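Engineer: Residue numbers (our numbering), protein chains in the order written: chain A, 169 to 605; chain B, 169 to 605; chain C, 169 to 605.
Just so you know, the hints here were simulated from the structure itself, not pulled from any lab data. Just to be clear, a hint being listed does not mean it is correct.
[Unchecked claim] Over 12 Å on every C-beta distance to chain A, these chain B residues come out as not near it, computed from the model: (1) Asn244; (2) Thr394; (3) Leu548; (4) Ala556.
[To be verified] Footprint (simulated), chain C over chain A, 3 or more residues, beta carbon under 8 Å: (5) 201 to 209; (6) 217 to 225.
[What the hints assert, rightly or not] From the derived model, a few chain C residues whose C-beta atoms are all more than 12 Å from chain B: (7) Phe215; (8) Lys243; (9) Gly271; (10) Thr457; (11) Phe503; (12) Lys512; (13) Leu513; (14) Ala568; (15) Ile569; (16) Ile584.
Quick caveat: nothing in here was measured; it's all calculated off a predicted structure. No residue lacks a Cβ here, since even glycine has one placed at the ideal position from N, Cα and C.
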Amino acid sequence: MRLLRKLLPALPAVLLVGLPAVAGAQEVTAEDAMFAVNNTWMLVATFLVFLMHMGFTGLEVGLTQAKNATNILFKNMSIIAIGLLTYAVVGFNLMYPGDFLIGGFFGFAGFGVGTDPDGLTAAYDPGYTYWTDFIFQGMFAATAATIVSGAVAERIKLSSFLIFSTIYVALVYPVLGSWQWGGGWLDQMGFYDFAGSTLVHSVGGWAALAGVIVLGPRIGKYVNGTIRPIRGHNLPIAVFGMFLLWFGWFGFNGGSVLSADPADVSFVFVTTALAAAAGIIGAMLTTWTVHDHPDATMVLNGALAGLVGITAGADVVSVMSSIIIGLAAGVIVVFSVILLDKWKLDDPVGAISVHLTCGIWGTLAVGIFGGSDFSIVTQLIAVASYGAVAFGAAMVLFLAIKAVIGVRVTEDEERIGLDIAEHNMEAYPDFQIFSNR
Amino acid sequence: MRLLRKLLPALPAVLLVGLPAVAGAQEVTAEDAMFAVNNTWMLVATFLVFLMHMGFTGLEVGLTQAKNATNILFKNMSIIAIGLLTYAVVGFNLMYPGDFLIGGFFGFAGFGVGTDPDGLTAAYDPGYTYWTDFIFQGMFAATAATIVSGAVAERIKLSSFLIFSTIYVALVYPVLGSWQWGGGWLDQMGFYDFAGSTLVHSVGGWAALAGVIVLGPRIGKYVNGTIRPIRGHNLPIAVFGMFLLWFGWFGFNGGSVLSADPADVSFVFVTTALAAAAGIIGAMLTTWTVHDHPDATMVLNGALAGLVGITAGADVVSVMSSIIIGLAAGVIVVFSVILLDKWKLDDPVGAISVHLTCGIWGTLAVGIFGGSDFSIVTQLIAVASYGAVAFGAAMVLFLAIKAVIGVRVTEDEERIGLDIAEHNMEAYPDFQIFSNR
Amino acid sequence: MRLLRKLLPALPAVLLVGLPAVAGAQEVTAEDAMFAVNNTWMLVATFLVFLMHMGFTGLEVGLTQAKNATNILFKNMSIIAIGLLTYAVVGFNLMYPGDFLIGGFFGFAGFGVGTDPDGLTAAYDPGYTYWTDFIFQGMFAATAATIVSGAVAERIKLSSFLIFSTIYVALVYPVLGSWQWGGGWLDQMGFYDFAGSTLVHSVGGWAALAGVIVLGPRIGKYVNGTIRPIRGHNLPIAVFGMFLLWFGWFGFNGGSVLSADPADVSFVFVTTALAAAAGIIGAMLTTWTVHDHPDATMVLNGALAGLVGITAGADVVSVMSSIIIGLAAGVIVVFSVILLDKWKLDDPVGAISVHLTCGIWGTLAVGIFGGSDFSIVTQLIAVASYGAVAFGAAMVLFLAIKAVIGVRVTEDEERIGLDIAEHNMEAYPDFQIFSNR
């Protein structure tokens, strides 16, 4: 467990210069070395999670139309910036409020991030420094907003999206996170969510669902009762996105061990990798049967489904269970996509199916496969509580933005594409593009 | 050397929860810290090798035609899944059978992967846990099949390829691996292959050669005695693939030290990087002279040739030798590509030249540059033995599949491209594509 | 500070085999474990910096025209090879000449790289081995030449560029580096440049400026007093490049701590990430105001501007200052691009604005935000000294090459594109391209 403390405002950084570098200190203890390896692993996990933002970018841009590519790239670059900066200003202190947490529901430890000398040593936590703690968690924060980005793509107004994301990632995500990882009421109740099937993925997924409902489907998606596929324009870059997300997940799950403990981190690597592999096989078999062609975008989403599915219980289910959880996630994601389309919920990249549907599945799977320490009822209570508040908050936010400045571009803007309409810049000016599919 | 042991079936994973996290334990020893840093490095190497699959994907998709891009992406996603899952079910226990190895040729320690409490501590190996061992080696396994994928691209039936890959990676690769890394007859004989010039790359390369022979060339490649280049459709993504493979090779070779030993790992980084750099220069100079234009795809393959070439001896040749080995590999790969084309062996991405030809070169180079501890005769015996069995097994497999369900798509399917024929999904639906070159 | 020593010529590498692996040694000390974790982190930083070359590749190829893509890919693959090999032959011994440094300005410790047994242990440096030192610094070297590549793109002759790069990276970069990191006169004077805002980025940027002046603008860029934008042809791959550069920067700055010291490395991660995030926001707000459309390529350059800006002082400014430095860099880069265009200095990717302008900004920012240990006057003296010598040397080199073999392709070659003119190979042969914009 991480130490929660009231932190002093940032010291003049020059003080850092004066600190003896551990590497050069006269006497090195085994504790020093262990602290260094733990902290190094957590920083490695941090840059892996950072790269997931590149993965989301590839996935979203590849699975949508060429005429909206610049817009999607712009949004993804903005979100990582907004996520990190708001986390520095308010998010971290909302999510880990320490003694300020009132009734297990809400707490705030103050604006800005800072440290005291203890924050730089193992006295803060044997696993990492204060700064590592902040930056690792900060990389998670933006993820929730990124998930929304894919679902609302190709029709949301840029400014409206940026406003929504800023508020959601600055306030909603961290407060909801404090319920569990900040030591709040669900943590006290025995809820278990190792790396965030619910806290990160379904929190993003609920907002994606709210956005899709408020926006409505893209023009031409559902016409006269038929569902018309709007294919992604660049499949190689979407698959690159999938590989980068899987790559980053080794940090997302592996870093959630919160130390370099050899047994735990290596076990989590195995369950994470096998669940993703099984997700591919699950989606492949399902789509080959259901669609009668093996569908590459479904296989891609199958890998991600397996990863979201294993995230809640990566350290507490057996290796065999991780394969079953991933396999099931790969099947579930295909049917979820079909079902959402039947309900005319237009999600261009399948974000809701991957992150919400499989986030719920993964959270419940802890109750099913995690052994007697975990209760499926508690897991269900948490799923429902997160659903109610995350979906509700996102709905209120989207409706408020709609009322004030609108959320959707005009029909003309949607037809010519957001790249010209919003940015006056095509993503592929040298290529002959069909933009009026 | 890794400890080989009979492993108990998987313990209920919940037991893991009860283990004291090393990071939080009361007394930390220097051995604990060293075990943690070793294991952390091996997990970092694992995620680097994982990313090589993204590299292969980029390379193959970029160096082939747009009309087959979806198919290639699909195959590469499938292979990593098949590789990891079969390695969990049978591969790991075939490759490292421990006491079950009979006569140094074949052994099997049982289905599934599991662990006993020792597998989670330095008692298993001071360099890594059982799970790290499994997942690091598992990432290697799929590589062999991926090498085949590039060579047989643009004309192999999807189902036939998936069946071949599954059997080759599940059975042939691990049994051949046990001859050396599993402590088998070649290991006892003094053969040396540090990270797999032969065990991984040429094992993949021999199967690629068998596939190319059984399939025959693509339509339009060799017409009336002339060789017609069929250019790759997306060079930037192919070059991204090369960079990712090089990046991953720091884990492939660096992780083959099997610990974080500072002297060995840093030395291997240097020989690996310089061989790749020299491979680029070797291929550049050769192609500029031979083709009279500097050829970007040859330079790309020159880097990979240098990497394959240094893989067998990265830890036992001098830095100057690593440059010579890489330079020679860069020259060799160009002539190998020319020669294969002369023999009408159509390998769209140059996989045979990179992985087989330079895999052999690298293996022999240990005998030439590695000093008196190594015998070129032993290296040659190993090359020949691996060649006979790997090529033979792949040939039998491909011919058996051909006899039962066929291996090649129809002429019509090949002309319209496998994306429509096999997947009913174009990779670039928004772009104007020339598909009938 | 790293130990500077005269190194013996390379030992036969087989000696390495005889060394006891630290991991398997009988008695492990805490110093051993700390040495292993330090060295492991430095090798991780090394592969991160390596990946920046993939990032530069993506950025440059994406922000230029499709008809020059093969050429740009070729150049970027060549540069990493040239950079590493020349660094092995002369660069490392020019940059870190140790006792050979004469008057703080120039020194050379001999051709080639080698080591003595001490180079493999903590006796060399508690933070890394000799080989780690070499390969980490070697990855930096090529960066300077890569920066030039983007600025001179789409009109420079391939052979001229390769000659320039080889000389600049082999001789100019390391000698200039020795002034500070090699313990030279600026180091003695109290100049501070943590990871290379000046030593790497502006050294590259000055050469880029010289190249742009000698070459002149691309055809059609400045016509009858108007500035005509020549859009990049593949925005997704440019954005991938930006993400990879940011990713690599965690190693560029994080590795410049020269150990895995938890306090310093984690602090540098935070300032690096927040400066990049703030750079995005700074560029976004500026471009939205100035251009009235939010400009995706400017936002991309804003992130890089923030990263270059924080590089000089990442370990000595406060977190709040890092945000201000990044924000300012994001504003500065937009105006720098506008100004250079006004002066008809045609830099296709904005390399001069990102690396030179913001490199100067970051160097001065140490004097402004770094506290009383740093003098803005000293920082200015260093900026001016580096500018005079780097720009002067690059100018002389470019003019000499121009006099002997020419630096610019013919007008016809420029119009049809360098891919056909220099390489006889299109990057996207399957796509309908507009090549005569």
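Engineer: When the hints from earlier in the document are held up against this structure, which numbers fail?
Structural biologist: 1, 7 and 8
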